[in-house]
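Asker: Sequence:
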Amino acid sequence: MAKSRNFGIYVLLAIAVFAAYAPVLHFDFVTYDDPDYVTANPRVQAGLSAAGIAWAFGAGYAGNWFPLTWLSHMLDVSLFGLDAGWHHFTNLWLHALSTLLWFAVLQRLTGARWRSALVAFLFGLHPLHVESVAWVAERKDVLSGLFWPLTLWAYAAYTARPGVWRYTATLALFCLGLMAKPMIVTLPLVLLLLDRWPLRRGTKLLEKLPFFAGSLAISILTFLVHRDIGAAATLTLIPLATRLENALISYCAYVLQMLWPANLAVFYPYPQGSLAIPAALAGIAIALVTAFTIRAFPRRPYLAAGWLWYVITLLPVIGLVQVGAQARADRYTYIPMIGLAIALVWGAAEALDRRPRIRMSAAIAVCAACLALTWQQVQYWRDSVALYRHAIAVTDENYVAHYNLAAVLETRGDLAEAAAELRETVRIRPRFAPAHSELGQVLGKLGLPGEALPALQQAKSLQPDLTDIDLRLGAVLGSLGRADQAADAFAEAVRLQPGNGDAHYNYGISLAQQGKLHDAAREFRATVQLRPSDVEARFNLGIAAASLGRTDEAVAQFREALRLRPQFPEAQQELGRLIQVK
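Its first residue numbered 1, the sequence shown is counted upward by one per residue in the UniProt record's numbering.
These are computed hints drawn from the structure, not numbers from a lab. Check before you lean on any hint, since a few could be wrong.
Claimed, not checked - Label-pair distances were calculated between CB atoms; the ranges are: (1) LEU206 to LEU82: 44 to 50 Å; (2) GLN514 to PHE223: 31 to 37 Å; (3) ALA372 to LEU281: 16 to 22 Å; (4) LEU206 to PRO239: 37 to 43 Å.
Predicted model only: the values in this text are computed from it and were never measured. Even glycine gets a Cβ: it sits at the ideal position worked out from N, Cα and C.
Please model the entire structure based on the sequences and the hints provided.
Answerer: Here it is in structure tokens:
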């Protein structure tokens, strides 16, 4: 009977998870991080290979060292190409498998079937977890999340029958989890919690030392990678006091979002203004809850175990070491929410112990609500526009959502709407140089160079080395008839980006327009060296060379241009003229 009940629970959990997340199979990639991880990552797009494996284990790309995650993306590309639906499917089945494993692990640890089933259901179908599942770039969440219950299952087996092989298996699974996402570094502390409840085996610190060593090593490596790429915000940008205030507020915000998952967004802007009072209130609340659960440990140990699980597992991403500009993120609750769910489910079950009908009705109502809300939250991930518009609708002053939406609209050709989103972005964040630069770019495309120039100049003043800013300035200045200033801008672009073919080509055009053909030819040569198949650069190099009397060079360039583009009448005409003269 017990096995049949468990089988029924497994089936119900699997059906519910796949039903709620089935729409993702028809979703596209989004423009937020997916390009870095898959769609614009040449290493991943090459598929799984020996070279790719070496890169995955050697690289600190995208601010983290997680080789297993990279390998999973490469394998998806090898199997499915860039079919987004299959990449989403991998996230989905990993999440579904984790959901089933959480039920198995919690039941094994506690012996409480229905409570474990409800916690697993909350893990599998809470709206806060949609971000981790429906976002291809968050493969690292669902992959590392799988190694949590796997490691705990092995640990439960080890504690039941201690032995070298079981211990080694536990440590190996933990290390694999570290290679999927470093957030699993807190697992050794969770093992200590589980030793107290539900395993009741006392404090076994010595056997955890290899686990702590692994956590320390990956923490140092991750910090160094973040520092090297500039992903970790400096104390100048976000002072430590502000980080601490936001961390306290975030601890409480996540609890509220678990209880009332409304207005969830892909990005929550870092709060502006003084946070002292709300942070103080949050700190008091956290201290009171912590004290209460610890005091209640002899009678209700699950409260302290669950609450401390939540507090501890959030530590790596609570913002004391700030990575990115977000105040908090739904994806950060993927594992921490297990602790809250344990405390709430066990507590509610005990409180309603003598009211089984109410207990059952409440559990069904919670599950139904989570299923419906998760299905609804999934819909916002159908494409980039829907994702960013929803974030704008449910948050205030969300400059990242406005900026990302503008980029998508610009790509689609909706330039006027893109300009409006960028104007809103710079209103919210006046010192956000990339937004000023993009606004200038869009205004230039709209045929408004007079409005584009101030935006680009503002971007240049805020961030002089901003990518492509000098190229854009040169183009706008040229359209305004300021040839000398345009040439200066393109020259600066070449200086800052000597490997940028566009910079050399545009500088060459500008020099040619000023009659400086010798210098123009130099820039066109640099362009074709960087981009041998650039037909326009070869044609213009041929024109400049012919004007300078370098007939052989000109003929060679025109012939190569025609080889690359046989239907190029201008090149054919110039080549014919030179051959006749020659």
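Asker: All hints, please: hold or fail.
Answerer: Structure-based check of each hint:
no.: 1; hint: LEU206 to LEU82: 44 to 50 Å; verdict: 49 Å, holds
no.: 2; hint: GLN514 to PHE223: 31 to 37 Å; verdict: 50 Å, violated
no.: 3; hint: ALA372 to LEU281: 16 to 22 Å; verdict: 32 Å, violated
no.: 4; hint: LEU206 to PRO239: 37 to 43 Å; verdict: 39 Å, holds
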